[in-house]
Amino acid sequence: MFTNLTKLDLKDKKCMSDAGSPKLCMKALPGEGAERSCAYDGARVVLMPITDVAHLVHGPIACAGNSWDNRGARSSGSQLFRRGLTTDIMENDVIYGGETKLKESILEIAVRHNPKAIFVYATCVSSLIGDDVDKICREAEAELTIPVIAVNCPGFLGDKNIGNRIAGEVLFDRVIGTAEGSDEKIPLSINLIGEYNIAGDIWGVIPDLNNLGITLQTAITGDAKFDDLRSAHRASLNVLICSKSLTNLVRKMEIKYGIPFMEGSFYGIHDTSETLINIAKALGDPDLLERTMAYVQKREDETRKTIAGYKALLEGKQAILFTGGVKTWSMVSTLAELGINILAGGTQNSTPEDFQRMKELMDPSAQIIEDTSSAGFLKIIAEKKPDLIVAGGKTKYLAHKTRTPFLDINHGRKLPYAGYEGMIQFAKTLTRTVLSPVWGLLQQDFPPKEDE
Amino acid sequence: MDSCKVATKEWLNSVEYREKNFAREKLVINPAKACQPLGALLCALGVEGCLPFTHGSQGCTAYFRSTLSRHFREPVAAVSDSMTEDSAVFGGQSNMIDGLKNAHAVYDPKVIAIFTSCMAEVIGDDIGAYLGNTKEQGAIPQDFPVALANTPSFKGSHITGYDTMLKGLIDCLATPRQADKINDRLYVVPGFDTYTANLREYKRLLKAMDAPYTLLPDYSDVVDAPNTGTYELYPGGTPFTEMNDSLNAASYLLLQKYSTPTTSKYLTSKEVPVEAISMPIGIEGTDNFIQAVAKFTGKDVPEEITLERGRSIDAMTDSHQYIHGKKFALFGDPDLLIGLVTFLLEMGGVPVHIVCTNSTPLFKKAMESLLASNPFGQEATLYAGKDLWHLRSLLVTEPVDMLIGDSHGKWAARDANIPLVRVGFPITDRVNLHRYPIIGYSGVINLITMIVNTFLDEVDRNSTEAHFEMMR
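Read top to bottom, the protein sequences are chains A and B. Counted from 1, the first sequence has number 312 at position 63 by our numbering; the numbering is strictly sequential. Counted from 1, the second sequence has number 92 at position 59 by our numbering; the numbering is strictly sequential.
It is worth saying that the hints were derived from the structure and are not from the lab. Take these hints with a grain of salt, some might be off.
Result set (DSS-like, lysine-lysine): computed pairs, CA atoms no more than 27 Å apart in a straight line [what the hints assert, rightly or not]:
#1 A:Lys365 with B:Lys42
#2 B:Lys397 with A:Lys365
#3 A:Lys352 with B:Lys188
#4 B:Lys359 with B:Lys59
#5 B:Lys443 with A:Lys663
#6 A:Lys352 with B:Lys53
#7 B:Lys398 with A:Lys352
#8 A:Lys474 with B:Lys443
#9 A:Lys365 with B:Lys53
#10 B:Lys236 with B:Lys359
#11 A:Lys352 with B:Lys397
#12 B:Lys240 with B:Lys332
#13 B:Lys397 with B:Lys53
#14 B:Lys398 with A:Lys384
#15 A:Lys628 with B:Lys240
#16 A:Lys474 with B:Lys42
#17 A:Lys365 with B:Lys59
#18 A:Lys530 with A:Lys384
#19 A:Lys677 with A:Lys634
#20 B:Lys240 with B:Lys134
#21 A:Lys628 with B:Lys397
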């Protein structure tokens, strides 16, 4: 039904790098219909989970009106972060400038909403009309007792990844290391970087960390409190969960605060164990390492026993995997743990390293999805006829139209999949998805053919 | 620390804070409106073979698609020409040329509907001129139809965008009106309406009344498509031939009087007869619709419909006692609010707080006169241009029994400890509500069902054993 863009030579011919991975995070082509968001969204995704601060969007209704409280990041305390705060730039502001409006809004929030800090997001419109968000934030901060932090992330700067990076810079420059009191490292403490507590993911991991005697200083930024973030420089180790989004941040923290970093993933039994062991190794405590080795063995056995029933039901199913970041490779082994083969895999917002890792883990016969538009996605479904698709919410209803079971593993999901507990949830949900009787119903002809 | 938190929460619930909250002028908290291009996108989905195309930043399109997709639980096809920083400096012409070329080649549409996002508007892109240049360069064929709409989100709201896009689509696709070519059809414009069942119900009623009609736009089959095993990019929409003939319409009937002024003005300027009525919600609203159609056809209202009306009124008599005297707060779009308030007044319900973020002067006047003319409307105040944080203050300081509005109202309802009946857009936390009509006589029954049963569920869950009853 569709013409494939790749065949039309519309894509950059050099899109395959020497290492054989597609040019990742490439600019979307005009008119191709790729599912990309913008730099503003990227910054918001990283910063918005900070719970006890206010997030003020200096833009027209499009930016906040379409995105307030839409992300599924959960908080154990303050719900202030979910409030949809915006200056709602109107035509007159475009003509006369929106700086006064912004200043008044910041002051109003500080006085009436009791935030620990205010993050102010610039948008396409505020930047194009020349509002100096930095200046206004500085002025407002001088009148207040809380930090007012400008996030210069107009959407036109590019894709989500650029926004992620900007957010990392903001955290490094304005938040981390600003706490009063001791700067001493806290023994056996870690930060989880790029973990946003979607659907409560982090709550499935914290008990295991605690059982091992590891302290979570803060996640950056899932369920994060502003004061904990300010002391994030006191952690002994940074564990980078979503490697695409905040690599710049961990590198800078290593240089400035001497915090080593490692990459890890809490998706799936294998990766959870490996990550816990690597954390123990990196923290350099022989006792901890010994404890961890025994602990993960016990947890693996328990978890495998619990999911054995699900695995029996899922064994041999064929999947298409399409996601971003750490899940690119981590989901390959998670699905393999349940006996599921991957027919084709693709990624949009991943680093080349993530991608190579995915490729190494997949069966050599698995196809790499190059065309990430709806058209490309549908083509690969039609060719491969998978038993299930594991991807982000934007492709969910496309998949359903092709009568293919679909599991959302990005921010649209409602259930936590991280850690051993998350693996059980994942197996359960996947089984429910693949074995739903509705797929059988869809296969029936109606009215039935006469010869049957 | 904790005592401070408690104090803050109590203070937010106080009359003192309500006053300060209503003095707030610059800051918007929890807005109850979406932006122009979102409405334009939805409108464009309702024309056969039409591909919605945002001229502007790609992030906007990603937001529209995901918001619409979450409401309808359907894929939503749209493209953008991905303007970035360099386009901000040099203008978006090359983006539009490449975008149209690619979209035309990949998605094979019959028509492309271009609407702008803020970025293109701020830098002053002339989309008409760009389109001319695109065709001149041969990026798309000269005769390929492309509809245009300027829809910056710093003006108006989603309903304005729908209106502007509709005008653009008619202007692009219709042949000029000619006295000897006037057709026999009634063109019915629903307005920004996110109930696919409403659109289907309009069609059913028009068919039952034997009226030759065209529903424009009609995305009911596009965002509520049957599962056939294959994804269809263009599964329905107002037929192309009827679009071509849309200025030769015998007459237009606009069903959201306060939400389609641009289209109305445009049609009038082309000497097309236009009648605009309020959204047919409630008995009186539906009666007006039926009578307007009957006037057009010159035929009697069929018995099928009078019987249907009778059943709806019967349902009202069966359940009026559950709504009579109950206090309501509502928020939403202008025409939806007029319809819902009309219905509540018919049932003896008492609207108290009515919040309309995207209010217009004409709507305000109409709502206020509707309330003033009815004994059950005397307690109501319309809060024009206010947001859901204002609504929250109203609910906690001047309590009502129920909130009616979209999913965004769930926090305010929770804080006020009252039920929320979901009506409007977006509804992202309940299933299938858009598959039940709220317009027409059947809509009356559905609204009663939702409102009354919600009250009764509350009663059952909260009643002591002594008052737990089989009959309610």
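Okay, the hints, checked on the actual structure:
Distance check on the hinted pair: A:Lys365 and B:Lys42 sit about 16 Å apart at the alpha-carbon level, within 27 Å; holds. Using a Cα cut-off of 27 Å, the hinted pair B:Lys397 and A:Lys365 is violated, with the two alpha carbons roughly 39 Å apart. Taking the CA atoms of A:Lys352 and B:Lys188, the gap is about 21 Å. The hint holds against a cut of 27 Å. Simply put, B:Lys359 and B:Lys59 have alpha-carbon atoms about 34 Å apart, too far for the 27 Å limit, and the pair is violated.
Of the pairs offered as hints, the one joining B:Lys443 and A:Lys663 holds, with about 17 Å between alpha carbons and a cut-off of 27 Å not exceeded. Taken as a hint, the A:Lys352 and B:Lys53 pair is honoured in the structure, with Cα atoms around 17 Å apart against an allowance of 27 Å. For the proposed pair B:Lys398 and A:Lys352, the alpha carbon gap of about 34 Å is over 27 Å, so the pair is violated. Restraint check for A:Lys474 and B:Lys443: satisfied, since their Cα atoms lie roughly 25 Å apart, inside the 27 Å limit.
Proposed proximity of A:Lys365 and B:Lys53 is supported: the alpha carbons are some 21 Å apart, at most 27 Å. Using a Cα cut-off of 27 Å, the hinted pair B:Lys236 and B:Lys359 is violated, with the two alpha carbons roughly 34 Å apart. A C-alpha spacing of about 31 Å is found between A:Lys352 and B:Lys397, which places the hinted pair above 27 Å, so the restraint is violated. At most 27 Å may separate the alpha-carbon atoms for a hinted pair to count; B:Lys240 and B:Lys332 meet this at roughly 13 Å.
Note on B:Lys397 and B:Lys53: the hinted pairing holds, with a Cα-Cα distance of about 24 Å set against a maximum of 27 Å. Between the alpha carbons of B:Lys398 and A:Lys384 the distance comes to roughly 42 Å, so the proposed pair goes past 27 Å and is violated. The suggested pairing of A:Lys628 with B:Lys240 is violated, with an alpha-carbon distance near 39 Å, which exceeds 27 Å. The suggested pairing of A:Lys474 with B:Lys42 holds, with an alpha-carbon distance near 19 Å, which does not exceed 27 Å.
For a cut-off of 27 Å, the pair hint linking A:Lys365 to B:Lys59 stands: about 21 Å separates their Cα positions. Among the hinted pairs, A:Lys530 with A:Lys384 is inconsistent with the structure: their alpha-carbon atoms are about 45 Å apart, more than 27 Å. Of the supplied pair hints, the one linking A:Lys677 and A:Lys634 holds, its CA atoms being roughly 23 Å apart against a limit of 27 Å. Between B:Lys240 and B:Lys134 the CA atoms are separated by roughly 40 Å; this puts the pair beyond 27 Å, and the hint is violated.
For the hint pairing A:Lys628 with B:Lys397, the CA-to-CA distance comes to about 50 Å; that exceeds 27 Å, so the pair is violated.
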